[in-house]
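Number of protein chains: 2
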Amino acid sequence: MGINSNRVDHYSGSGHANPTDPVTITVSGETMTSLELHNVCLPPQKSTLQKLRHRLAEVFFPDDPLHGFKNQSGLRKLVLALQFFFPIFEWAPNYSFTLLRSDIVSGLTIASLAIPQGISYAKLANLPPIIGLYSSFVPPLIYSVLGSSKHLAVGPVSIASLVMGTMLNEVVPYTQDPSLYLKLAFTATFFAGVFQATLGLLRLGFVIDFLSKATLVGFMAGAAVIVSLQQLKGLLGIVHFTSKMQIIPVLSSTIQHKNEWSWQTIVMGFCFLAFLLTTRHIGMRKPKLFWVSAAAPLASVILSTLLVTLFRSKLHDIATIGRLQKGLNPPSSNMLYFHGEFLGVAIKTGIITGILSLTEGIAVGRTFAALNDYQVDGNKEMIAIGFMNMAGSCSSCYVTTGSFSRSAVNANAGAKTVVSNIIMASTVLITLLFLMPLFHYTPNLILAAIIITAVIGLIDYESTIRLWKVDKLDFVACLSSFFGVLFISVPIGLAIAVGVSVFKILLHVTRPNTSVLGNIPGTQIYQNVNRYREARRVPSFVILGVEAPIYFANSTYIQERILRWIREEEEWLAANNGSSLKCVIIDMTAVTGIDTSGLAMVKELKKMLEKRSLQLVLANPGGSVMEKLHQSNILETFGLEGVYMMVDEAVADISSSWKAQP
Amino acid sequence: MGINSNRVDHYSGSGHANPTDPVTITVSGETMTSLELHNVCLPPQKSTLQKLRHRLAEVFFPDDPLHGFKNQSGLRKLVLALQFFFPIFEWAPNYSFTLLRSDIVSGLTIASLAIPQGISYAKLANLPPIIGLYSSFVPPLIYSVLGSSKHLAVGPVSIASLVMGTMLNEVVPYTQDPSLYLKLAFTATFFAGVFQATLGLLRLGFVIDFLSKATLVGFMAGAAVIVSLQQLKGLLGIVHFTSKMQIIPVLSSTIQHKNEWSWQTIVMGFCFLAFLLTTRHIGMRKPKLFWVSAAAPLASVILSTLLVTLFRSKLHDIATIGRLQKGLNPPSSNMLYFHGEFLGVAIKTGIITGILSLTEGIAVGRTFAALNDYQVDGNKEMIAIGFMNMAGSCSSCYVTTGSFSRSAVNANAGAKTVVSNIIMASTVLITLLFLMPLFHYTPNLILAAIIITAVIGLIDYESTIRLWKVDKLDFVACLSSFFGVLFISVPIGLAIAVGVSVFKILLHVTRPNTSVLGNIPGTQIYQNVNRYREARRVPSFVILGVEAPIYFANSTYIQERILRWIREEEEWLAANNGSSLKCVIIDMTAVTGIDTSGLAMVKELKKMLEKRSLQLVLANPGGSVMEKLHQSNILETFGLEGVYMMVDEAVADISSSWKAQP
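Line by line, the protein sequences are chains A and B.
Its first residue numbered 1, the first sequence is counted upward by one per residue in the working numbering.
Its first residue numbered 1, the second sequence is counted upward by one per residue in the working numbering.
It is worth saying that the hints were derived from the structure and are not from the lab.
One or more hints might be untrue.
Because identical chains cannot be distinguished in the list, a pair is counted as satisfied if it fits within a single copy or across any two copies.
[To be verified] Below, in silico cross-link-like pairs of lysine-lysine (DSSO-like), each with a Cα-Cα straight-line distance of 27 Å or less:
no.: 1; residue 1: Lys-472; residue 2: Lys-606
no.: 2; residue 1: Lys-416; residue 2: Lys-611
no.: 3; residue 1: Lys-607; residue 2: Lys-582
no.: 4; residue 1: Lys-288; residue 2: Lys-611
no.: 5; residue 1: Lys-472; residue 2: Lys-51
no.: 6; residue 1: Lys-603; residue 2: Lys-286
no.: 7; residue 1: Lys-472; residue 2: Lys-46
no.: 8; residue 1: Lys-286; residue 2: Lys-607
no.: 9; residue 1: Lys-51; residue 2: Lys-70
no.: 10; residue 1: Lys-183; residue 2: Lys-288
no.: 11; residue 1: Lys-288; residue 2: Lys-607
no.: 12; residue 1: Lys-607; residue 2: Lys-469
no.: 13; residue 1: Lys-183; residue 2: Lys-326
no.: 14; residue 1: Lys-348; residue 2: Lys-659
no.: 15; residue 1: Lys-606; residue 2: Lys-416
no.: 16; residue 1: Lys-603; residue 2: Lys-416
no.: 17; residue 1: Lys-286; residue 2: Lys-611
no.: 18; residue 1: Lys-70; residue 2: Lys-416
no.: 19; residue 1: Lys-606; residue 2: Lys-582
no.: 20; residue 1: Lys-603; residue 2: Lys-582
no.: 21; residue 1: Lys-469; residue 2: Lys-46
Nothing here was measured: the structure is a model prediction, and the numbers come from that model.
Based on the sequences and whatever the hints tell you, model everything.
Here is the structure:
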């Protein structure tokens, strides 16, 4: 946007740029009496409005999403706009039979996963199992029109299901008032969609960046542990189980209801769990055999249902899903709930599940886009996911997004476009219309085993070890979200983790690095003397690098630290050769911003050093820093001899001026 | 701390450092086939424990407060420790008669201010006037032993009084239960002291840095407006006045009780207000006449008391202070309140008044220290102020700190040491013992006039204009704290302003600057081509500067922005000379940190660019960034030809390697 003004003289002139033109520089304090200095430039003059526009463009449109529209005819712009808002118009014209064949294979594969997972995840959210199937039908169709990822497999996911189940069940237990619970679930889904679409439309996508990867690793592991333990209900056949979500009540509830354990359920449950975990392991070890793990859940459902149906009289202890209604999604817009005492809960649940499902959906989309060398626009994806949830809330669906595990299977099975989602939805449609009675005797234990197999992959201990190795504070953020989710609650665990992450940024700004710089012989470069053994300090100078913007939060610290460097240098000089310090150069290269507190600090520091007859010089202040120094009239107090473009020129010029006036 | 290892070869070797040794460098793409490259160093190896120690030392002891203790004998260390904890031992041995003479003059001057202000500010906090005098007696004595500022004049201040008055009065109006109110005030003072001393002892002084100057300007102006409007009660003689603190109830209460306005009070009040404002103006215009404004409050008190006493029968409308008890501070430790329903309010009030009074005290101490060329240790000052408030809470004092206006008078009157506080306290002592009956007929209106004169100086509209000119976001922080205090409440106004300030830091990190760099001819330096017109782009390269640490909050943004720069460069090349881009160099000089999300981004970016056959090169990654690249094994994927110490070497080396293998 801003660089076009410079395009004209893009490469003009000589310099190192032109390798056929050798340049010889002679650098020495003695021969450089007529040193050619470079002025430090102010950035190009702009009005407040222009600056605001530029800043807003950088904040909200970093990817310049409309660049394709530049210099196009009116009709072409219309087509581009249509393609921009409905990516289906982009790929549909070039769709071919070859692509369709791949998409059918992958669509059927993910459908075989989506049906058992949909039923299971709905149970995780304390919803009737059929809601999970409804949610695997409408949202994928909407996404296939609006979405820009080719590999995302849309449907209910474990984390969002768990969080919705927990947050709503705390206020209105499903068993007490199923109809109110259902209303709140659809309302929360509606608000999740509104929130997601709003973030996308306002281009506030960066909000989800605040859930750092470290935070998510901890959060997902904590959620996976809780979810797995909760499945003990199904695997052990317990009837009266706690509805709480912390680890302690869940475990104590398991032990308390020992009398309800059913050995038939336990044996069958753990056998199928072992089978599913084994196939999962095979699928992970040998990527070519991914279909083993993809087909296992449906195979288990069929096998277990057959077993229970055939030996019904003997296996009466085993709880089953029961009768499921045939037919398509009923409309549910009349069930949305916009008033009354539980509205707040619905909105809160919507925002939290909305942000979590968005994070998962965007991350999955980006991952597979990067693997297959295309780009997805985060903000457009948010709009797609948001509209899909709003539409879902009006057609008996709860929160959906792109699932990581199913998208991976989708990509492995050779999905080429979003049509695989349409194939999947069609398969679910057939199931809903004709196959529902078959699930009557599907045992609950198999759903528990499927959930455990799905969430166990969320426990990413390898990443945790890597975090410990690379970044201790990220590790702390990870652990705190893990234990927060496990022992306190999902929203508080998340809040703690976000707090730790923000604190980390603030700590970095509040206590920045400062270092003494020395010259690397044979170059014009000055580097940290602690790190580069060859870097040489310059006598009579102390050259300090400050590695952060100077803000209210660190200006006092930076001042104290600079004064301490000077004091230490003076003490060393006094103890050794007895020569004196004359000039302090601050390398401002990494000082990327300054505020009014920082400006006041610079001014005060200059005064303090002047009283001690030390010269303060700034080297290479950045554009915005120069501008602010200028606006606050501090630049004038420095004058021409107080600001240099490079440390090297400052050292050469100042030492030669000392020679001139001894 | 860390640099001693390098001290040995402090200045050894040649280089620019030694001006008698000229160095000639020949730089050219052709002659530099055997280019001597500089390795990018990792920082010195340190264990996790050593790193943690170093980091903690930087966070908590930036000023290395114990450096004076190094290499000293045992006895000397004891003396130093005594001086460290009780600064009185530092200056007392050298105290002289000349110093005492100055301190007596300044001590008497500030006493003449402290007595009327003490009474007035106590009224502001809804406390009995005598508490204000008690608070001007004990705390200054404690401070003179523990404090390290020479010019701080200690006593009650307007902001802390206002905030305490508001916060406590909302819960327990003084008129309803004076004894409980008094208990809560002392308890809040106690907790303020504990909080302040704890911050100092734990060296968490940087907490107060989060109240940026911009925030404080807005906050103080808002508080000053509220306080001044509240004084309409005294100036108009209203009896039934609202106890609320927002601007709307205060103004409507003034108009609602119009029938209570007393013309005698109004005439006398506004005359004295005009007199005080005039003397204040004179004192500000001619610093030599500072004594005019310093003496005016006491003179007004004496004059108005005389008038009311003499014309008592005619001026019966005018409300007066009434009987004040003679005698020293009664002990109040038995009134501290450590249980029951109001404990939370007392703690909250204590923390907020504590942090505000600390901010004022430290800022005043630093200002006068800088003016007089000595340093105060912020953390030690916090301990002093904390202990002074704890002691105060046990001797019938409420929150005190260093007052800006009285400290300025103190410095102007020639104070040399903290003894001026002792002189002031002695004068207050005499007043408390003998002169209390004289205040019986002092009219309340004069207290209102004194408060208005004192707080009007807090409205610093010039700073606000400067904020607008220099930093728009600081201006927004200032305005939001101003209006927050005015229309909502003091704690919420403060919270909003701190929120805006923190948001500003996060915004800077979340949306950092990136720029295209070009070579400045004749140097090894690369600068922003937008800012430096002489900077030349290098053909086949795009050199990008990233101006922030790469964190979870900005890694997606930076990736998108870098890809856009590359796309724009490629588009420009395609439209112009048709040559192709081969290499992307990222100048990491200002990338002062990286976390696991940032590392993942760098890895992914490298992969993405490789697929497009573009080489990605990092130039000058900082110490901690190098370390993390190394630990996460990303450095290996770059290899030796992917990381350079300077952009210049990267350009030269890579273009020569292209020549070698065409």
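Tested hints:
1. Lys-472 x Lys-606: Only across copies: Lys-472 and Lys-606 sit 25 Å apart there, 37 Å inside one copy, limit 27 Å.
2. Lys-416 x Lys-611: between (72 Å within a copy, 19 Å between copies)
3. Lys-607 x Lys-582: Within one copy, since 15 Å is at most 27 Å while 49 Å is not.
4. Lys-288 x Lys-611: between (75 Å within a copy, 24 Å between copies)
5. Lys-472 x Lys-51: between (38 Å within a copy, 11 Å between copies)
6. Lys-603 x Lys-286: between (65 Å within a copy, 25 Å between copies)
7. Lys-472 x Lys-46: between (43 Å within a copy, 14 Å between copies)
8. Lys-286 x Lys-607: Classified as between; 24 Å across copies, 69 Å inside a copy.
9. Lys-51 x Lys-70: Answer is within; shortest intra-copy Cα gap is 22 Å, inter-copy 52 Å.
10. Lys-183 x Lys-288: For Lys-183 and Lys-288, the Cα distance exceeds 27 Å both inside one copy (43 Å) and across copies (76 Å).
11. Lys-288 x Lys-607: Answer is between; shortest inter-copy Cα gap is 23 Å, intra-copy 71 Å.
12. Lys-607 x Lys-469: For Lys-607 and Lys-469, the Cα distance is within 27 Å only across copies (23 Å; inside one copy 44 Å).
13. Lys-183 x Lys-326: within (21 Å within a copy, 71 Å between copies)
14. Lys-348 x Lys-659: neither (71 Å within a copy, 62 Å between copies)
15. Lys-606 x Lys-416: between (64 Å within a copy, 25 Å between copies)
16. Lys-603 x Lys-416: Between copies, since 25 Å is at most 27 Å while 61 Å is not.
17. Lys-286 x Lys-611: between (73 Å within a copy, 25 Å between copies)
18. Lys-70 x Lys-416: neither (30 Å within a copy, 70 Å between copies)
19. Lys-606 x Lys-582: Within one copy only: 13 Å inside a chain, 45 Å across chains, cut-off 27 Å.
20. Lys-603 x Lys-582: within (18 Å within a copy, 45 Å between copies)
21. Lys-469 x Lys-46: So Lys-469 and Lys-46 pass the 27 Å test across copies only (13 Å; inside, 46 Å).
Violation of the numbered hints given earlier is confined to hints 10, 14 and 18; the remaining hints are satisfied by the structure.
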